[in-house]
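Starting from the structure of chain A, add chains B, C and D where the hints point.
Chains as they are written, first to last, in our numbering: chain A, 1 to 307; chain B, 1 to 307; chain C, 1 to 307; chain D, 1 to 307.
Rather than coming from a laboratory, the hints here were simulated on the basis of the structure. There's no promise every hint is true.
The list makes no distinction among identical chains, and a pair is therefore deemed to hold if it is satisfied within one copy or across any two copies.
Think about it this way: if two alpha-carbon atoms lie no more than 30 Å apart in a straight line, the pair counts; the simulated DSSO-like pairs of lysine-lysine are [claimed, not checked]:
no.: 1; residue 1: Lys6; residue 2: Lys284
no.: 2; residue 1: Lys166; residue 2: Lys25
no.: 3; residue 1: Lys114; residue 2: Lys6
no.: 4; residue 1: Lys135; residue 2: Lys114
no.: 5; residue 1: Lys6; residue 2: Lys166
no.: 6; residue 1: Lys158; residue 2: Lys209
no.: 7; residue 1: Lys6; residue 2: Lys145
no.: 8; residue 1: Lys142; residue 2: Lys284
no.: 9; residue 1: Lys114; residue 2: Lys158
no.: 10; residue 1: Lys25; residue 2: Lys6
no.: 11; residue 1: Lys36; residue 2: Lys142
no.: 12; residue 1: Lys25; residue 2: Lys114
no.: 13; residue 1: Lys114; residue 2: Lys36
no.: 14; residue 1: Lys145; residue 2: Lys114
no.: 15; residue 1: Lys212; residue 2: Lys114
no.: 16; residue 1: Lys284; residue 2: Lys166
no.: 17; residue 1: Lys164; residue 2: Lys145
no.: 18; residue 1: Lys145; residue 2: Lys166
no.: 19; residue 1: Lys6; residue 2: Lys164
no.: 20; residue 1: Lys142; residue 2: Lys25
no.: 21; residue 1: Lys142; residue 2: Lys209
no.: 22; residue 1: Lys6; residue 2: Lys176
no.: 23; residue 1: Lys142; residue 2: Lys114
no.: 24; residue 1: Lys142; residue 2: Lys212
no.: 25; residue 1: Lys145; residue 2: Lys212
no.: 26; residue 1: Lys135; residue 2: Lys284
no.: 27; residue 1: Lys25; residue 2: Lys164
no.: 28; residue 1: Lys135; residue 2: Lys166
no.: 29; residue 1: Lys135; residue 2: Lys25
no.: 30; residue 1: Lys284; residue 2: Lys114
Number of protein chains: 4
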Amino acid sequence: MVRWVKHMDLEPGMSVRDLVAEMGKSGVFSAGRVAKAVEIYREMLRARATIFMGVGGAVVPGGLRHVLASAIREGLVHAMVVTGANATHDLIEAFGGRHAQGDEFADDAELRRKRISRIYDVYVPQRAFEIFEEKIQPIFAKVFKGGSRMSSAELLRKIGLELKDKNSFLRAAAEKGVPVFCPAIADSILGLQAWLYSQEHDVTIDVLKDIKQIFELASGAEMAGAVLLGGGVPKNFIFQSMLLTPRSFDYAIQITMDRPEPGGLSGATLDEAKSWGKVAERAKTVTVIGDITVILPLMLASVLEKR
Amino acid sequence: MVRWVKHMDLEPGMSVRDLVAEMGKSGVFSAGRVAKAVEIYREMLRARATIFMGVGGAVVPGGLRHVLASAIREGLVHAMVVTGANATHDLIEAFGGRHAQGDEFADDAELRRKRISRIYDVYVPQRAFEIFEEKIQPIFAKVFKGGSRMSSAELLRKIGLELKDKNSFLRAAAEKGVPVFCPAIADSILGLQAWLYSQEHDVTIDVLKDIKQIFELASGAEMAGAVLLGGGVPKNFIFQSMLLTPRSFDYAIQITMDRPEPGGLSGATLDEAKSWGKVAERAKTVTVIGDITVILPLMLASVLEKR
Amino acid sequence: MVRWVKHMDLEPGMSVRDLVAEMGKSGVFSAGRVAKAVEIYREMLRARATIFMGVGGAVVPGGLRHVLASAIREGLVHAMVVTGANATHDLIEAFGGRHAQGDEFADDAELRRKRISRIYDVYVPQRAFEIFEEKIQPIFAKVFKGGSRMSSAELLRKIGLELKDKNSFLRAAAEKGVPVFCPAIADSILGLQAWLYSQEHDVTIDVLKDIKQIFELASGAEMAGAVLLGGGVPKNFIFQSMLLTPRSFDYAIQITMDRPEPGGLSGATLDEAKSWGKVAERAKTVTVIGDITVILPLMLASVLEKR
Amino acid sequence: MVRWVKHMDLEPGMSVRDLVAEMGKSGVFSAGRVAKAVEIYREMLRARATIFMGVGGAVVPGGLRHVLASAIREGLVHAMVVTGANATHDLIEAFGGRHAQGDEFADDAELRRKRISRIYDVYVPQRAFEIFEEKIQPIFAKVFKGGSRMSSAELLRKIGLELKDKNSFLRAAAEKGVPVFCPAIADSILGLQAWLYSQEHDVTIDVLKDIKQIFELASGAEMAGAVLLGGGVPKNFIFQSMLLTPRSFDYAIQITMDRPEPGGLSGATLDEAKSWGKVAERAKTVTVIGDITVILPLMLASVLEKR
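Isolated chain A, as found in the complex (with noise of 0.2 Å):
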């Protein structure tokens, strides 16, 4: 039976709900899978799968701190993988620090003067750092108190729990009892911070643990689903979850902007997880191309909208 493309209608004052069918009727291109990817997150609700979301690149300096933090509070995610740059860059916010609006084409040599660290066209002044350094190493003394060596996700539940801030996706995590797993935390400011007050005090991140937790949630979920927010190690951790298990994810979303071809796992297909055994033969799977930070948000409003 033929779908045919039927071209999409705009009306002033359309919900994104609307705007979102309208994508689904022509059925085509990115527009396509952006409806494709807001039908299989409902279906992934709907039979319950755990919904491992990971969180790659530039996710919360880009705007979208508060996303993840009512993601996690309406049940949409269920376990977390994220950078270690995700996981600082949302303290730095809980301990009174902000990103800026700048310009992606400014003197960087200036910049480095003024004290402004740059991503892409946001501005971060170093004062935070400092800041994030003042209120972090006191966290960290409270937090090992309970055991001088846990895995990043023990790590950051227990900082979660610390955070006076409701729109910090941590503290909605540890509230909810979504592990955030961040098994590249070595590479990160959060990490240099926990080196620093290792140097003092016996404290270590046990990242193989963090393997068990995973693979425990992995194995206990009767369906499953990834949602990808970029690639990198929350990608790979999330699928990699699933090797030791007999099982494979059920539903993968993927948003992304990097290719295929030169053969990094970032830009790899979601059909080649399956030769792994990381995603069912018959799992359904979407990737769409396209800005995390425009995808997102129109997948999730329309996504709660048709709950």
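Frame of chain A; chains B, C and D shown alone:
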């Protein structure tokens, strides 16, 4: 004065306008640019600028045919430059042909045997091109009676007036008096059909005349804006229209997935166009990196509402 | 039979041919494709295929003007389809103008004031365009005497014969009898100049005639190959030349940085062209994702040696 | 003083060094950048800079294993940061496993049934991972005897010393005293194996210790250079090593296909790193947009020759 990144908040049932407003609050990465594009579009309309829209890529097969037609009817576009393919695919539908949702991983040799042509994940039955030939040749016979040598814009206008399909952007443009230029018309199936017709009739398409016509529009505009869907000939032809005038574009919005580094015009920044005098030094410009089928509806649904 | 990835070995002083042979040993990712492109090119030459080269993007400003001219002289190319910009920039140099190494982060408004036009990191002094006008107008006066209506290929051939610069690819082509088609000539500064000339002389460029001429070449070829440098009109015009013949391309090599997902022809896979009958089911094809200025010299230096 | 674009000339039999010299003559687009990368690499070596190489993406499966090993042996690299996958795939080959040339359009469900895992167009038989397990577990038993808690760099050094395969880059590094850091080791099959081992032995990988070790290298370097093959954790970990020192990188070469616009670190410009103090204001830097399997051999073959 610092503009902080305010994190986006999503609401169930929110309108597209509200979503774009949230993107504007964050103001960075592609989300910030979508919001800026809407702002510039509204300002162009308030300033009563003459808006030139370039339509490259596979916009019509991608489900945006009605969007183009209604943008013309709503007065959001005052001149268009299109690829021959977009004109051809508009006509295919006007003549009763259809595009179907397909599979980008299909076996193309098998599609060939089934007489289906593929445009990424869009299928076009070869039958549609046969109907196209049956219908366009009598139209050529009619429209070339009024003169055997005309510009591509004159030809497309005359063809547009022959169409009965209200959803055709060529008809909408012809009715509304919006010229549609197609300087590379020879590079399309519409061009092939014109050549077939020319085999037995002494007719020609005078693309130098298109230069004159767009130049007159460009030099007559008090304020001018460019909305570039993809690159290629449409982008360049719109920009070069300013080269022979003392003026330049006051506004420019570009939606593309091409990169600047290889040096081709399609991926070139809008700043580069300032060095040529195509875009004014103080012009308001924005490039959104993303798929046209997602970004254009998001932008126009918001523009429609905000007027 | 399994073909293993044999890891590349580098030697000081190794030739380009040897390097490409090492890439062929590994046989995967882009390195494998460069080696495959060389192999296909050699096979095309052995099979005495008619080789159509498409020249999109900024190939001439990017330093490949001699490479194009020598490819023509060495018999590596038998027909060309170029953008108007590549023809224009070849002529600029033939008339004594130059391109300069610039800075892609330059202040474009300042460049404008200095009368420098920018193409990514290439600068073109505006003076070069003035000289272009001074020199091309007398050539138009001469070449249009033999007929006031000609195809772009006829025009470029006549212009080529007027040039004294041996490094001009247009001259090399004219001398060698290699036709150079420019179906979107109106979309270029060469086209603007032709239009200026046409203001006082009743001349026209008959792009429908170009269709006829390339169709005759395509249908006359016993074996046919396409070498596509970038996409745009050159790629499509080469491929569509087969649409009116019962034949299709037996070989195709594509070098591009464009992606397939947005659906535009420039980034389309060569398999997609099989569904249209532009490329034969059993054709030997390869797409190399990379910058033309790196991939083309690497490929051609190896092709030259291996003959 | 203007530096003109001199067009490249190709000669049959030319050496890689000569080809890169021609690219340097043109000096623009990616060709110019390849030449500049060679120039910077030579200068780094002359200045006796400590060279940190980041190895992201699928460099080892892509056929560059010998290239990495010989770069270490030839003194072109003094510290490495790698993904767990590149370490794993080096070990797979050291243990007798192989990678095969595959098909990126293969049916992944069928590959799964054939027990083949796909990395774009590279195939890895599942059997290779079984051999990997058989071989790595006894090595763990041996190397963890000397201490149950070590950094990833200490672990990889000890593993490297156990290998007999001269083409292993881990062995080359261990022999040469070049540390290989793998801060995200938990995110790899090597990490999974380490976790399996840790199930019955009280061992851990102390990634905070890696921070200390790379920090000591970074602060001890009189001059420092970064050669970044892809992005991800290797790029960030190399750059962050400077954050705790008063110094910054004096040279940086980046080869990537990622884009800067989405804001992730992988695609970030090297200028951006200047705002963070990771790269010095006056550092010599270049980013080459291209596939590592093509650009790295082209660059290193030329560097090797020019010494």
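Hints, verified against the model:
1. Lys6 - Lys284: within (23 Å within a copy, 34 Å between copies)
2. Lys166 - Lys25: between (38 Å within a copy, 19 Å between copies)
3. Lys114 - Lys6: Intra 53 Å, inter 22 Å, cutoff 30 Å: inter-copy only.
4. Lys135 - Lys114: Result: close within a single copy only, 23 Å intra versus 52 Å inter.
5. Lys6 - Lys166: Classified as between; 15 Å across copies, 43 Å inside a copy.
6. Lys158 - Lys209: So Lys158 and Lys209 pass the 30 Å test inside a copy (16 Å) and across (22 Å) alike.
7. Lys6 - Lys145: neither (61 Å within a copy, 35 Å between copies)
8. Lys142 - Lys284: So Lys142 and Lys284 fail the 30 Å test inside a copy (44 Å) and across (44 Å) alike.
9. Lys114 - Lys158: Neither: 34 Å inside a copy, 44 Å across copies.
10. Lys25 - Lys6: within (5 Å within a copy, 33 Å between copies)
11. Lys36 - Lys142: neither (45 Å within a copy, 44 Å between copies)
12. Lys25 - Lys114: between (50 Å within a copy, 24 Å between copies)
13. Lys114 - Lys36: between (45 Å within a copy, 27 Å between copies)
14. Lys145 - Lys114: Classified as neither; 38 Å inside a copy, 50 Å across copies.
15. Lys212 - Lys114: So Lys212 and Lys114 pass the 30 Å test across copies only (28 Å; inside, 44 Å).
16. Lys284 - Lys166: Result: close neither inside a copy nor across copies, 34 Å intra and 37 Å inter.
17. Lys164 - Lys145: Intra 20 Å, inter 45 Å, cutoff 30 Å: intra-copy only.
18. Lys145 - Lys166: Result: close within a single copy only, 25 Å intra versus 47 Å inter.
19. Lys6 - Lys164: between (49 Å within a copy, 18 Å between copies)
20. Lys142 - Lys25: neither (54 Å within a copy, 36 Å between copies)
21. Lys142 - Lys209: Both: 21 Å inside a chain and 21 Å across chains, each within 30 Å.
22. Lys6 - Lys176: This pair counts as between: shortest inter-copy Cα distance 24 Å, intra-copy 41 Å.
23. Lys142 - Lys114: Classified as neither: same-chain Cα gap 34 Å, cross-chain 52 Å, threshold 30 Å.
24. Lys142 - Lys212: both (25 Å within a copy, 23 Å between copies)
25. Lys145 - Lys212: both (22 Å within a copy, 23 Å between copies)
26. Lys135 - Lys284: neither (43 Å within a copy, 36 Å between copies)
27. Lys25 - Lys164: between (44 Å within a copy, 23 Å between copies)
28. Lys135 - Lys166: within (17 Å within a copy, 49 Å between copies)
29. Lys135 - Lys25: between (50 Å within a copy, 27 Å between copies)
30. Lys284 - Lys114: Intra 49 Å, inter 22 Å, cutoff 30 Å: inter-copy only.
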